[in-house]
Amino acid sequence: MGIESTIEKLDKYSERLKKGKVSKIKPSHVDKMIRKLEAKEQLLLEELAEAGKDTKRERLERKLALVREQLDRAKWLKEKISNL
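Once you know that position 57 of the sequence shown is 57 in the working numbering, the rest is easy, because the numbers rise by one and skip nothing.
Read the hints as simulated data drawn from the structure, not as lab findings.
Treat the numbers as computed from the prediction; the structure is a model and nothing was measured.
Heads up, a few of these hints could be off.
[Said to hold, decoys possible] When the alpha-carbon atoms are kept at most 30 Å apart in a straight line, the in silico DSSO-like pairs for lysine-lysine are as follows:
| id | residue 1 | residue 2 |
| --- | --- | --- |
| 1 | K56 | K75 |
| 2 | K75 | K9 |
| 3 | K63 | K36 |
| 4 | K78 | K19 |
| 5 | K32 | K9 |
| 6 | K21 | K75 |
| 7 | K56 | K18 |
| 8 | K32 | K19 |
| 9 | K26 | K75 |
| 10 | K19 | K56 |
| 11 | K53 | K18 |
| 12 | K80 | K53 |
| 13 | K36 | K75 |
| 14 | K63 | K53 |
| 15 | K80 | K24 |
| 16 | K63 | K80 |
| 17 | K36 | K56 |
| 18 | K21 | K53 |
| 19 | K53 | K12 |
| 20 | K63 | K26 |
| 21 | K78 | K9 |
| 22 | K75 | K18 |
| 23 | K12 | K78 |
| 24 | K80 | K12 |
| 25 | K32 | K75 |
[As the list claims (entries may be wrong)] Label pairs and their computed distance ranges (CB to CB):
| id | residue 1 | residue 2 | range |
| --- | --- | --- | --- |
| 26 | G52 | E8 | 18 to 24 Å |
| 27 | S23 | E58 | 39 to 45 Å |
| 28 | K75 | S5 | 30 to 36 Å |
| 29 | S14 | E38 | 15 to 21 Å |
Note that beta-carbon positions come from the ideal geometry of N, C-alpha and C, so glycine has one too.
Could you put together the complete structure from these sequences and hints?
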């Protein structure tokens, strides 16, 4: 699952949450997204450590920031559906 599809899923789950359809969101699916985002974060950190060019470092840092933002969203969503 790429970052784009993860963002789409999180958007879809957020809409379901707003509409009160929390029962359609499976916690296991959110857990799987969190694991994938954490794996992507680790991969980006490794690439960043090896990056030589400034332009590549900047690109990787932007991707890393995006992944971390989505990770925060996924953890927030998990907390919300766990409390309901």
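(request) Could you tell me which of the hints above the structure violates, numbers in ascending order? (result) 7, 10, 11, 12, 18, 19, 26, 28
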